[in-house]
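Number of protein chains: 2
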Amino acid sequence: MKQNETLTTHISLILNGLLLQGLTTAVIAPGSRSTPLALALAQLAHEQRIELFVDVDERSAAFFALGIAKKINKPVLLICTSGTAAANFYPAICEAKISQVPLLIMTTDRPPELTKVAAPQALDQDHFFGNQVKSFFELPLPETNHDSQNYTNYIVQKSFQIAQNQPAGPVHLNQPFRKPLMPDLPIKLDHNQQKYTSFSSQTTLSSNLIKKVHTNLSNKRGIILAGPNQNALSNIAMLEWAKKSGWPILADPLSQLRGISSPNIITCYDSLLKTNSDKLIALMPEIIIRTGQTFVAASLASFLKKSQATIYSLDEENALNDYTKTTTFSLETSAEDFFNQIPPVNPLTEWLKEWSVIEKVYTSINKINSTDTLNELEVVRAIASTGSKKLNLFVSNSMPIRDIDSVLQPLNAFRIFCNRGANGIDGIVSTALGVSTKSAENLLLIGDLAFFHDMNGLMMAKKYRLKIKIIVINNNGGGIFSFLPQAGSSNFEEVFGTPLDIDIEQVAQLYHAHYSLAETVTSLKKYLCTPAHSLEIIEVRTDRKDNVALRQELINQFASHIQTTKES
Amino acid sequence: MKQNETLTTHISLILNGLLLQGLTTAVIAPGSRSTPLALALAQLAHEQRIELFVDVDERSAAFFALGIAKKINKPVLLICTSGTAAANFYPAICEAKISQVPLLIMTTDRPPELTKVAAPQALDQDHFFGNQVKSFFELPLPETNHDSQNYTNYIVQKSFQIAQNQPAGPVHLNQPFRKPLMPDLPIKLDHNQQKYTSFSSQTTLSSNLIKKVHTNLSNKRGIILAGPNQNALSNIAMLEWAKKSGWPILADPLSQLRGISSPNIITCYDSLLKTNSDKLIALMPEIIIRTGQTFVAASLASFLKKSQATIYSLDEENALNDYTKTTTFSLETSAEDFFNQIPPVNPLTEWLKEWSVIEKVYTSINKINSTDTLNELEVVRAIASTGSKKLNLFVSNSMPIRDIDSVLQPLNAFRIFCNRGANGIDGIVSTALGVSTKSAENLLLIGDLAFFHDMNGLMMAKKYRLKIKIIVINNNGGGIFSFLPQAGSSNFEEVFGTPLDIDIEQVAQLYHAHYSLAETVTSLKKYLCTPAHSLEIIEVRTDRKDNVALRQELINQFASHIQTTKES
Numbered sequence: 001m002k003q004n005e006t007l008t009t010h011i012s013l014i015l016n017g018l019l020l021q022g023l024t025t026a027v028i029a030p031g032s033r034s035t036p037l038a039l040a041l042a043q044l045a046h047e048q049r050i051e052l053f054v055d056v057d058e059r060s061a062a063f064f065a066l067g068i069a070k071k072i073n074k075p076v077l078l079i080c081t082s083g084t085a086a087a088n089f090y091p092a093i094c095e096a097k098i099s100q101v102p103l104l105i106m107t108t109d110r111p112p113e114l115t116k117v118a119a120p121q122a123l124d125q126d127h128f129f130g131n132q133v134k135s136f137f138e139l140p141l142p143e144t145n146h147d148s149q150n151y152t153n154y155i156v157q158k159s160f161q162i163a164q165n166q167p168a169g170p171v172h173l174n175q176p177f178r179k180p181l182m183p184d185l186p187i188k189l190d191h192n193q194q195k196y197t198s199f200s201s202q203t204t205l206s207s208n209l210i211k212k213v214h215t216n217l218s219n220k221r222g223i224i225l226a227g228p229n230q231n232a233l234s235n236i237a238m239l240e241w242a243k244k245s246g247w248p249i250l251a252d253p254l255s256q257l258r259g260i261s262s263p264n265i266i267t268c269y270d271s272l273l274k275t276n277s278d279k280l281i282a283l284m285p286e287i288i289i290r291t292g293q294t295f296v297a298a299s300l301a302s303f304l305k306k307s308q309a310t311i312y313s314l315d316e317e318n319a320l321n322d323y324t325k326t327t328t329f330s331l332e333t334s335a336e337d338f339f340n341q342i343p344p345v346n347p348l349t350e351w352l353k354e355w356s357v358i359e360k361v362y363t364s365i366n367k368i369n370s371t372d373t374l375n376e377l378e379v380v381r382a383i384a385s386t387g388s389k390k391l392n393l394f395v396s397n398s399m400p401i402r403d404i405d406s407v408l409q410p411l412n413a414f415r416i417f418c419n420r421g422a423n424g425i426d427g428i429v430s431t432a433l434g435v436s437t438k439s440a441e442n443l444l445l446i447g448d449l450a451f452f453h454d455m456n457g458l459m460m461a462k463k464y465r466l467k468i469k470i471i472v473i474n475n476n477g478g479g480i481f482s483f484l485p486q487a488g489s490s491n492f493e494e495v496f497g498t499p500l501d502i503d504i505e506q507v508a509q510l511y512h513a514h515y516s517l518a519e520t521v522t523s524l525k526k527y528l529c530t531p532a533h534s535l536e537i538i539e540v541r542t543d544r545k546d547n548v549a550l551r552q553e554l555i556n557q558f559a560s561h562i563q564t565t566k567e568s
Numbered sequence: 001m002k003q004n005e006t007l008t009t010h011i012s013l014i015l016n017g018l019l020l021q022g023l024t025t026a027v028i029a030p031g032s033r034s035t036p037l038a039l040a041l042a043q044l045a046h047e048q049r050i051e052l053f054v055d056v057d058e059r060s061a062a063f064f065a066l067g068i069a070k071k072i073n074k075p076v077l078l079i080c081t082s083g084t085a086a087a088n089f090y091p092a093i094c095e096a097k098i099s100q101v102p103l104l105i106m107t108t109d110r111p112p113e114l115t116k117v118a119a120p121q122a123l124d125q126d127h128f129f130g131n132q133v134k135s136f137f138e139l140p141l142p143e144t145n146h147d148s149q150n151y152t153n154y155i156v157q158k159s160f161q162i163a164q165n166q167p168a169g170p171v172h173l174n175q176p177f178r179k180p181l182m183p184d185l186p187i188k189l190d191h192n193q194q195k196y197t198s199f200s201s202q203t204t205l206s207s208n209l210i211k212k213v214h215t216n217l218s219n220k221r222g223i224i225l226a227g228p229n230q231n232a233l234s235n236i237a238m239l240e241w242a243k244k245s246g247w248p249i250l251a252d253p254l255s256q257l258r259g260i261s262s263p264n265i266i267t268c269y270d271s272l273l274k275t276n277s278d279k280l281i282a283l284m285p286e287i288i289i290r291t292g293q294t295f296v297a298a299s300l301a302s303f304l305k306k307s308q309a310t311i312y313s314l315d316e317e318n319a320l321n322d323y324t325k326t327t328t329f330s331l332e333t334s335a336e337d338f339f340n341q342i343p344p345v346n347p348l349t350e351w352l353k354e355w356s357v358i359e360k361v362y363t364s365i366n367k368i369n370s371t372d373t374l375n376e377l378e379v380v381r382a383i384a385s386t387g388s389k390k391l392n393l394f395v396s397n398s399m400p401i402r403d404i405d406s407v408l409q410p411l412n413a414f415r416i417f418c419n420r421g422a423n424g425i426d427g428i429v430s431t432a433l434g435v436s437t438k439s440a441e442n443l444l445l446i447g448d449l450a451f452f453h454d455m456n457g458l459m460m461a462k463k464y465r466l467k468i469k470i471i472v473i474n475n476n477g478g479g480i481f482s483f484l485p486q487a488g489s490s491n492f493e494e495v496f497g498t499p500l501d502i503d504i505e506q507v508a509q510l511y512h513a514h515y516s517l518a519e520t521v522t523s524l525k526k527y528l529c530t531p532a533h534s535l536e537i538i539e540v541r542t543d544r545k546d547n548v549a550l551r552q553e554l555i556n557q558f559a560s561h562i563q564t565t566k567e568s
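Residue numbers (full-length UniProt numbering), protein chains in the order written: chain A, 1 to 568; chain B, 1 to 568.
By construction, these hints were calculated from the structure, which means they are not laboratory data. All figures in this text were calculated on a predicted structure; none of them were measured in a lab. Be careful, since some hints might not be right.
Given that identical chains are not distinguished, each listed pair holds provided it fits within a single copy or across any two copies.
What the hints assert, rightly or not - When the alpha-carbon atoms are kept at most 30 Å apart in a straight line, the in silico DSBU-like pairs for lysine-lysine are as follows:
#1 Lys325 / Lys116
#2 Lys305 / Lys158
#3 Lys2 / Lys306
#4 Lys325 / Lys463
#5 Lys116 / Lys134
#6 Lys243 / Lys195
#7 Lys438 / Lys467
#8 Lys195 / Lys74
#9 Lys367 / Lys243
#10 Lys116 / Lys158
#11 Lys279 / Lys305
#12 Lys545 / Lys2
#13 Lys305 / Lys212
#14 Lys545 / Lys212
Given only the sequences and the hints, what does the whole structure look like? Please build it.
If you want it as structure tokens, here you go:
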């Protein structure tokens, strides 16, 4: 019995349009106004045409969708009801915008006659996410008008493409619905629905430019600074080029280059720059090529500012991605196109070797201590020594990503994720869980404060029996502030340290997680080597102040070893 | 030793300016960019010039500030660092905008040279909350320039006033800071700093209008529909007028009129309208005066649409507050000014009595059952019978506020709060806890889903040893959906019911709360009568489906009693 044919046709158009574009996954936060989409998606999920996740906390839901999209590099559909529900999506949307993750956000809304007249749960959702989205579209109400239906089909498909096209990012669709909200189930998808196709273009550098750049790069001490990057093809081209040219690549942990066995890959740069060693003079490059997004290490920013080198930035999307403002030549090209089109230069003798020697020195001291005592740096070393090629490591912001940046020298090249757009400590648990839905081996490294911030996110692990290990570095508060000038101030603990005294084991119980307390490196490595069968929380208790001393000690040690190397 | 005099002067100006305006309370979410304000506020808090709360989850922090502002009716200062931190404020800001709660949001930001160039943790915070705030101002960087300093002082004081003036609401200030971020402590406040004063104006109705309105209202069967309202003076004037004129007042639970012992106060309207009784014909008014914000009961909207009455809406702020679009005359005046200036009319015999009789019938059946079994309606009745005049009752959205609306006939007039602007189930715990910081007797009525959504909010109760009782109606999922058409659909539990299987006792343990399971009305009343010494969580387990039947039964019973009354 067809009661609501217009509504049913409308949502079929939308969902079929998205399936035509390649939609595979949707996340929905329950509510009333989104009822037609929720019921239709549940049906499509049961028919295995789509994977559907339901998350009651919209903030977590949005980060969960972000995690999935990070892993699959395709837009994920994210849906909620009207009102403040949508506002909870905002943090994840900001992150998606800066870190260029494709998301298709569909907020549902009251019909026009119920907006701006103080109807319940109605707020102005027009351009609700401001300039934090790539595009905003108001979808029409379900209508029998053919042009309106075509428009709906066109807009949803275009939105998917806009979200996906470089630079990828979030696109917001606002969909008003009028009551009654019950569609006629099951909805049917029209096999003849028009599909819109778009092709992405490649950059072709002119032969003149190629010649000029190649000349500029030749016979110079050059390095590549590889920032965060999702494109495996870029890395293949870059590594090939660097090998032939004898250039070192300073590999940000999010470049996806760490763990690749090659003398060109340099990971010690953050500690090296902090040594302020004389040795740095010999390592000063004449040319720097920057690729990828903003690197994690603040020390690199100072290095760029002090450097006399000519700096090339590959800025495909003209995203002004250089906050150091040191770029000499900005090229609107992808790293893939650049390294495939510019011929390699002749390697200079000794140049790469100078770097490799220092890298080896660092590797020799950056190792698990003999006393088996666990601390924040040993956790990173334990991960480096146990992580398999299949591992998906999600790293929280604040201290964990900095520890990873300074210390991670992995045996294998595994995938590393981080919300390194806006660098928030919000939504980390959910983003990591989102990633985990599409991969077999999952590990999250997170501090107690970020863990608490998105504790609600754990509900999805319980509900969908997701398999992930979470290492909670519990130093009872905000570790990073101990590195800042206010560390000695009188109200430090109250406004910066903020100890929360969370009982991690109780949290684990609440979400039916397996809990372990790791007290030695050996025990931590043991936990890391056993496959995760469910949600596993491994607590490591550390002291915030210790970490400051620990890192300084490592740098001092590195400095003295470099000195020895130089003298020998 | 003065190292950072310009920065110190700047933040002194800001905080002193706000103190001059009457700022009493600040909530800060920790971060690095907000360091100067955090340290200065901590100092002022230790000097007892201000009350300061630190909340690590920005979403909770914003709702916490909202709760305080609801209770004190003055702007609360809410501060965070740059980046996604601010985005977490968005849900509470949307709620503050619609429900007209004064909030002064200060997001801190990177300096201009670090925005839009992919610097870490930098996003475009300009007009970050779109049209969900009353005003947005970009504060200048700390400067020695005298005009700039005056501008800072002026803007912060004006922002406070804008947030406070009717209609109250959120105002957003974005404050960029350049490193170094350490102010010279202690900051000193300048006793001679210029203060800006603003006066609010009153509406004076013209004598012509008064005469005309009075004539229209005379000799008519009139009712007052009193919606949500914070203004006690309005209520005094309205009640006085109604008593003299013999008009019933249909008192929304958020009107602050329930529990006032007066034959004019009618609370049975929601159940009455749902009976569809013939009796309703005799109760149909010729005139309706609407005051306050949008009422809770959807049944009233249908009633207004069906009614043939002339409808006056008192819409002081021209807020188009009538989504039923049934208003005949809209008056830009406050209820206080209206009822003080329009003379009462002569009461019609029998009119008020007709209503009072029905109200008494409802009171006689809307009472605690003899079997002592607990259900969602009995919880409301238990609160009605135990709540003292000092009680501050916070009611969650979705089912609890609807249950309260239909059933609450309290013995005492206590204060009832609800986030009834955008009606979200997010941030309820934090908003209630915010209210509780400024009152002695606190009770929150909430379902398990909303409780889960803002579980993080409980951290503030633990940290600041807040005294509040929380009744968690645990029906394991979203109760309201059982009242909607999709209740019978095949994927109902998956996308609407969403049982989370939360162990409330474990949550209580995690936050060091006292936990009780109430299984009878008697035990619940006992828990309610004992003063709260800390955070107390009282779990009441119910069945989602039962509630639908229970409410229908109450309405059926009411219908049959009305019938009897009529016939007798």
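Okay, the hints, checked on the actual structure:
1. Taking the shortest Cα distances, lysine 325 and lysine 116 sit within 30 Å of each other only across copies (12 Å), while inside one copy they are farther apart (45 Å).
2. Proximity of lysine 305 and lysine 158 under a CA criterion of 30 Å is satisfied in neither setting, with 41 Å inside one chain copy and 41 Å between copies.
3. In this assembly of identical chains, lysine 2 and lysine 306 lie within 30 Å of each other by CA distance solely across copies; the values are 29 Å between and 71 Å within a copy.
4. Taking the shortest alpha-carbon separations for lysine 325 and lysine 463, neither the intra-copy value of 47 Å nor the inter-copy value of 44 Å comes in at or below 30 Å.
5. Within a single copy, lysine 116 and lysine 134 get their C-alpha atoms as close as 26 Å, and across copies as close as 15 Å, so both meet the 30 Å cut-off.
6. Within a single copy, lysine 243 and lysine 195 get their C-alpha atoms no closer than 43 Å, and across copies no closer than 68 Å, so neither meets the 30 Å cut-off.
7. Within a single copy, lysine 438 and lysine 467 get their C-alpha atoms as close as 10 Å, which meets the 30 Å cut-off; across copies the closest is 44 Å, which misses it.
8. Only within a single protomer do lysine 195 and lysine 74 lie at most 30 Å apart by alpha-carbon distance; the minimum there is 17 Å, versus 55 Å between protomers.
9. Only within a single protomer do lysine 367 and lysine 243 lie at most 30 Å apart by alpha-carbon distance; the minimum there is 27 Å, versus 83 Å between protomers.
10. Proximity of lysine 116 to lysine 158 under the C-alpha cut-off of 30 Å is found in both arrangements, the shortest distances being 29 Å within a copy and 26 Å between copies.
11. With identical chains, the CA atoms of lysine 279 and lysine 305 are at most 30 Å apart within one copy only, with a shortest distance of 18 Å there and 83 Å across copies.
12. For the homomeric pair lysine 545 and lysine 2, the shortest alpha-carbon distance between copies (27 Å) is at most 30 Å, but the shortest distance inside one copy (67 Å) is not.
13. For a Cα distance limit of 30 Å, the shortest separation of lysine 305 from lysine 212 inside one copy, 25 Å, qualifies, whereas the shortest one across copies, 76 Å, does not.
14. For a Cα distance limit of 30 Å, the shortest separation of lysine 545 from lysine 212 qualifies neither inside one copy, at 51 Å, nor across copies, at 75 Å.
Checked against the numbered hints listed earlier, the structure breaks hints 2, 4, 6 and 14; every other hint is satisfied.
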